[in-house]
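Asker: Each chain, letter by letter, is given below.
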Amino acid sequence: MTLPLILVIGGLVAWPAGYAIYLSTLNRRMTEFIGLTNFEILLESDSFRMVIFQSVFFAVTAVILKALIGFWLAHMLHHIPTKGQRKWRGMLLVPWVIPPALSTLGWWWMFDPSYSSINWLLNIFAVPSVPWLGEPWWARISVIIVNVWYGAPFFMIMYLAALKSVPEALYEAAAIDGATSWQRLRYITLPMMRNIISITVLFSLIVTFANYDIVRVLTNGGPRDLTHVFASYAFQVGILAGNIPRGAAVSLFMFPILGVIAFFVLRGINKRNREEA
Amino acid sequence: MSNNGITRRGAMRSGAGVVAAGALGAPMVHAQGTAGSLRFAFWDHWVPGANGALQQLAQRWGERNRVNMTLDFINTTGNQLQLTIAAQAQSRSGHDGISLLPWDPGTYASQLEPCDDVMGRLVAKYGAVNPVAEFLGKREGAWRGVPATAGTQTKPACVRFDLLQQHAGIDIRAMWPARNERGPTADQWTWDTFLRAAEACHRAGVPFGLPMGQFTDAVDWVGALFISYGARITDERGNPTIRGNQELRQAIDYAVRLSRFLPNDVWAWDDASNNRALISGRSALIFNPPSAWAVAKRDAPQVAENCWTVPMPAGPRGRYLAYLPYITGIWAFGRNKTAAKAFLEFISERESAELCSTMSQGYDIPPFLSMSDFPVWEREGPPVGTIFNYPLKAHQQATYSIAFSPAPPELAQQMYIRALNTQVIARIAQGGENMETALGWLEREITNMRRGG
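As you go down the protein sequences, you meet chains A and B in turn.
In terms of the working numbering, the first sequence is residues 1 to 277.
In terms of the working numbering, the second sequence is residues 1 to 453.
Check before you lean on any hint, since a few could be wrong.
Selected chain B positions facing chain A (in silico; Cβ < 7 angstroms) [as the list claims (entries may be wrong)]:
#1 Ala86
#2 Thr107
#3 Gln214
#4 Trp269
#5 Ile417
#6 Ala426
#7 Trp441
Covered stretches of chain B (in silico footprint by chain A; criterion: 3 or more residues with CB under 8 angstroms from a CB of chain A, positions within the stretch not fixed) [what the hints assert, rightly or not]:
#8 73 to 84
#9 257 to 268
#10 272 to 278
If you want the ones that stay clear, here's a sample from chain B, every Cβ over 12 angstroms from chain A, calculated [as the list claims (entries may be wrong)]:
#11 Asp117
#12 Gly120
#13 Asp162
#14 His167
No lab work stands behind these hints: they were computed from the structure.
Computed from a predicted structure; not experimentally measured.
All C-beta atoms in this analysis are idealised placements derived from N, C-alpha and C, irrespective of residue type, glycine included.
The task is simple: from the sequences and hints, build the whole structure.
Answerer: Right, dumping it as structure tokens:
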């Protein structure tokens with residue numbers, strides 16, 4: 001019965017992952033086994049250490065912002081009467097359903113170094129132009145803005161579903177006890193949503209760490225490699241610069257760290273589920 | 001079946017070709033196919049209609065040799081061509097031959113069929129190949145492909161002669177007329193003159209549109225600038241030559257000074273940004289093949305009419321012209337290598353190369369120096385003669401160059417893709433680092449790239 005599943009996992013997950021690990025242990029010409037040397041070389045590179053910083057900064061900042069905005073939007077929607085809720089929900093989901101490469105292109109037009117439409121609007125109000133993609137910190141902020149714009153609706157819809165599953169009776173009991181809205185949020189809503197928050201944050205963290213298209217389209221890693229994330233840097237080193245083993249090492253770099261995070265998050269969820277059962 | 005000249009196997013081959021071509025939506029050129037079939041992947045040309053030259057040539061050659069020809073045109077947007085090359089090399093299957101990007105013959109040398117026989121015959125017929133094409137195409141002691149005409153470009157200056165005259169007092173057409181001779185003031189076309197002109201145009205609100213980011217246009221022009229100062233960052237073996245390198249310091253110092261007169265967002269420009277700057281009339285000069293001018297011809301004729309293509313300025317060590325070739329390789333695992341070689345030889349003949357250059361409106365540059373006299377470069381306009389000086393010609397007294405040479409291609413490719421030359425400038429001009437710190441970073445990066453070879 002489980003044979004097809006084993007074949008799927010073996011063919012689509014285990015084999016590519018194993019092959020990537022194997023590649024990362026080869027020299028540039030892929031003729032010689034060099035163990036973990038590619039990882040060692042990467043860690044000694046100023047540029048790669050900057051990539052680690054930028055990837056962590058990008059993923060953590062974007063996930064926090066997506067979670068907060070998604071939570072806020074979900075609350076707003078939750079308090080709209082069910083009848084009118086659907087159209088708002090649909091509209092707020094639009095950024096999430098547009099293919100990211102396409103929507104990022106739209107953002108790129110708005111951030112364009114010379115012909116930015118956002119700058120055009122700012123100039124109307126006598127605000128000087130912002131070098132969105134040309135100045136390192138603005139470029140970093142720009143890629144985060146686009147990622148948050150794209151990802152926040154996912155958090156919103158997950159949190160909305162979680163909010164709807166919180167029993168109304170708990171809020172009624174809290175109201176009788178005279179709980180403030182902050183106390184209701186802290187002692188009822190958040191504990192009841194804890195599992196879904198953990199899963200969503202974990203899932204988004206993994207996906208955001210692996211993000212490629214936003215950086216590729218908006219900045220191509222520039223200026224001065226300061227906006228590169230693991231995926232865009234791996235592509236540049238592995239495919240464009242012809243060093244496939246080192247590119248594989250870049251792309252695998254976060255694998256153990258994310259694996260450990262995933263282990264603890266999922267273990268926490270299981271533990272809570274057992275306690276609640 | 002053999003009675004009518006078509007064998008069962010031949011019919012099967014033709015059928016398979018039709019299915020493949022239909023599935024890919026690629027142009028297929030039918031011939032009788034009794035000598036088998038060939039599948040080539042070429043770079044999808046920017047210039048509308050330019051792919052037609054290779055299609056015509058494939059049709060002609062296929063019919064003459066009874067080979068079924070299938071051509072796929074793969075563009076470089078989103079790095080599709082690079083991905084296809086990498087995937088085919090990994091899987092050891094795919095097209096018989098494929099357009100390779102400049103550094104690919106070095107990267108995939110062991111998987112490419114040596115083409116010394118083809119190149120030997122072509123060189124005997126047409127003379128020397130330009131040295132950059134040879135540097136890139138000849139790896140591990142053999143030609144690993146045939147330098148292509150289609151897609152190969154140089155990046156001279158495309159100048160708004162009216163704006164340069166008005167704001168910098170330079171008559172660029174008198175300096176570089178559309179004739180095989182230098183103007184009386186051609187010797188003054190140096191980087192020092194260029195800097196003064198850049199300052200004047202910047203003050204006038206039409207700054208030179210020179211990208212300083214991490215795309216090829218930026219890397220190429222900065223590469224030519226460096227070489228014209230004699231500034232090399234490695235030797236032929238890839239050893240960094242950064243410490244005590246006065247030429248490198250001079251070149252970087254010059255580029256930092258020049259960057260003050262460029263638009264302040266050039267650090268984020270891509271390969272299309274300089275084209276847009278010219279076409280929109282906001283820039284007096286860019287370094288580019290004539291594609292920007294060709295688009296202006298369609299979209300902003302008043303701009304195109306005032307454009308004139310001239311060589312890059314000269315530095316203390318001479319005048320260099322950024323050159324970016326395609327090389328067509330034949331996979332060692334290809335099935336019909338003899339026919340593939342014959343086809344590549346055919347499309348490299350003078351008549352074939354001229355067809356490519358003509359149909360690309362002069363964009364394509366043949367690898368043989370003897371082929372820089374096609375009438376297309378004299379004829380094209382407006383203004384007539386505007387791209388006369390696009391290919392390198394003897395009177396320009398210049399040399400083709402590619403950034404990061406003479407480093408071994410496997411290292412040069414990494415430095416090129418990472419745009420180390422523009423990055424070192426950016427670290428000083430934009431990042432506020434001093435020269436020592438920036439050069440220290442450059443040396444560490446190169447040392448790091450060389451490890452794990």
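Asker: So, B/Ala426 near chain A? Judge it on the closest CB pair being under 7 angstroms.
Answerer: Holds: closest Cβ of chain A sits about 5 angstroms from B/Ala426, inside 7 angstroms.
Asker: Per the CB criterion, is B/Ile417 less than 7 angstroms away from chain A?
Answerer: The hint holds - B/Ile417 has a Cβ within 7 angstroms of chain A, the shortest such distance being about 4 angstroms.
Asker: Report holds if the minimum CB distance from B/Asp162 to chain A is greater than 12 angstroms, and violated otherwise.
Answerer: B/Asp162 clear of chain A: closest Cβ-Cβ about 21 angstroms, beyond 12 angstroms.
Asker: Taking the least C-beta to C-beta distance, is B/Trp269 closer than 7 angstroms to chain A?
Answerer: holds (6 angstroms)
Asker: Given B/Ala86 as an interface hint, is the shortest Cβ-Cβ distance to chain A below 7 angstroms?
Answerer: Holds, about 5 angstroms.
Asker: How does the segment 73 to 84 of chain B fare against chain A when you require at least three residues with a CB closer than 8 angstroms, holds or violated?
Answerer: holds (count 3)
Asker: So, as I understand it, the hint says B/Trp441 touches chain A; can you test that by seeing if any CB pair is closer than 7 angstroms?
Answerer: holds (6 angstroms)
Asker: Beyond 12 angstroms from every Cβ of chain A: is that where the Cβ of B/Asp117 lies?
Answerer: holds (26 angstroms)
Asker: Please verify that hint: B/Gln214, Cβ, nearest Cβ of chain A, below 7 angstroms or not.
Answerer: Holds: closest Cβ of chain A sits about 5 angstroms from B/Gln214, inside 7 angstroms.
Asker: Could you check that no beta carbon of chain A comes within 12 angstroms of the beta carbon of B/Gly120?
Answerer: About 28 angstroms separates B/Gly120 from the closest Cβ of chain A, which puts it past 12 angstroms; holds.
Asker: Count the residues of the segment 272 to 278 of chain B whose CB lies closer than 8 angstroms to any CB of chain A, then report whether that count reaches three.
Answerer: holds (count 3)
Asker: Per the coverage rule (Cβ-Cβ under 8 angstroms, at least three residues), is the segment 257 to 268 of chain B covered by chain A?
Answerer: It holds, with 6 qualifying residues against the three required.
When held up to the earlier numbered hints, the structure conflicts with none and fits them all.
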